[in-house]
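Peer 1: Sequence:
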Amino acid sequence: MSAADLGIDHALFANVFMFGNGKGGVGKTTLTGNAAAKSAREGLRTLAIDVNGQGNLRRELGYGEQDEGEAFAQSMRSGTPLVPLTGVRENLDVVVGGRKVRDLNDIFVSIATSQGPLPAFLRLAQCLQPLLPKYDAVFIDSPPENPNLLIMCLAAARWLVTPVKSDSASLEDGLKDIASSFGMVKSQINPMLTLLGVVHFASPRNATGIHKDVEERAKKILGKVSHTFDTVIGQSEKAAELARRPGFFCPVYELHERRKAGERSIPEAATALSEDHDALTIEIFERAQMLRSAT
1 MSAADLGIDH ALFANVFMFG NGKGGVGKTT LTGNAAAKSA REGLRTLAID VNGQGNLRRE
61 LGYGEQDEGE AFAQSMRSGT PLVPLTGVRE NLDVVVGGRK VRDLNDIFVS IATSQGPLPA
121 FLRLAQCLQP LLPKYDAVFI DSPPENPNLL IMCLAAARWL VTPVKSDSAS LEDGLKDIAS
181 SFGMVKSQIN PMLTLLGVVH FASPRNATGI HKDVEERAKK ILGKVSHTFD TVIGQSEKAA
241 ELARRPGFFC PVYELHERRK AGERSIPEAA TALSEDHDAL TIEIFERAQM LRSAT
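For the sequence shown, this note's numbering gives the first residue as 1, with consecutive numbering after it.
A few of these clues could be false.
[Said to hold, decoys possible] Pairwise CB distance ranges (calculated):
1) 215 to 147: 24 to 30 angstroms
2) 261 to 25: 28 to 34 angstroms
3) 136 to 4: 23 to 29 angstroms
4) 86 to 112: 42 to 48 angstroms
5) 4 to 147: 37 to 43 angstroms
Don't read these hints as lab results, they were simulated from the structure.
Values in this document were obtained by computation on a predicted structure and should not be read as measured data.
Glycine included, C-beta positions come from ideal geometry on N, C-alpha and C.
Can you make the complete structure from the sequences, with help from the hints?
Peer 2: Structural data, given as C-alpha cells:
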C-alpha cells in the first residue's frame, strides 16, 4: 500500500510548510503565527493548522479558544475535510487547536489498529488535501514529543523548517528526534518531503560565534541536507511576551504598527523583532521556490 493507493497526491502539497522539532519551547508556534500573518499580508490565501493540545496559536493570532479543536478532531476521526475558522485576518484562516486535539493520538491508534499504520500516518494529509486548491500557503504548527503526530504532520508537508535555540536539548535531542522521523517519512511515506532549513530562534542578533556554532552542530546531526537560514529571530523577551498577552494576542508586526501609531508602552524592540519574522518568511518562500526550480 502507498499514499497514492489511499488517494494522496503529494504533488498537491507543494506549498505546505511545517515547523517542527522534537523538543518543545523552541519557537514553532511563534514562527507559525508570524509566518502565516506575513503570508496573508502579502496577499496570499493562507491557512495555519494548530496541531497542539494547548492551542497556543490563538495567542499569536488572537482568535480565542473557539471550539478547542473539536472540529479538527472530528475531521480526523471521520476522515473528512478540515473545517477552518475563516477570516482570522484578511486572507488568513486557521484550523483551531486546543484540548480536543489531545484526542488525535487515540484517533491515530484506532486507525492504525483497524486499517494499518500507513492510513493512520496519512490521515492529516487526507483531511487537508481537499482544501489545498483554496490556499497559496499552508503552515503547520506541529506538536513536540509525540512521535505519531509528528510523523502525521511530516506526511502532510512538503517543506520542513526546524527552529532551534542554542541549548543542547533543542540542538541535539530535538534535532535528532526530528531527523529520525524525517528520514522515515521521506523514505517510506512522503518522498517529496524536503528539509528547507534550520532557524536560530531567540538569539542575540550580533552573536556571530553562537550562530556559527548552531549551524555547525545542526550540520553534524542533519548531514548534507542541512541548511541554516541567514535570518536569525532575535532575542526580545519583552516584545515577544507582550504579543502573547491578553489584550494583544497578535503577531509582532501588529505591535510594531501600534508603536508606530504612537503607543509608546510597546517596546522599540518590537520593530526589530517584526523585521526578523518578515525577513525569515520571505527567505522561506524564496528558498522553497529556488529548490522547486532546481528539480
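Peer 1: Against each hint, give a clear statement of whether it holds in the structure.
Peer 2: Okay, the hints, checked on the actual structure:
Range check, residue 215 to residue 147: about 26 angstroms between beta-carbon atoms, so the 24 to 30 angstroms window is met. Checked against the given bound of 28 to 34 angstroms, the beta carbons of residue 261 and residue 25, roughly 32 angstroms apart, stay inside it. Checking the proposed 23 to 29 angstroms range against residue 136 and residue 4 shows it holds: the Cβ atoms sit about 25 angstroms from each other. In this structure the hint that residue 86 and residue 112 lie 42 to 48 angstroms apart at CB is violated, the actual value being about 32 angstroms.
In this structure the hint that residue 4 and residue 147 lie 37 to 43 angstroms apart at CB is violated, the actual value being about 24 angstroms.
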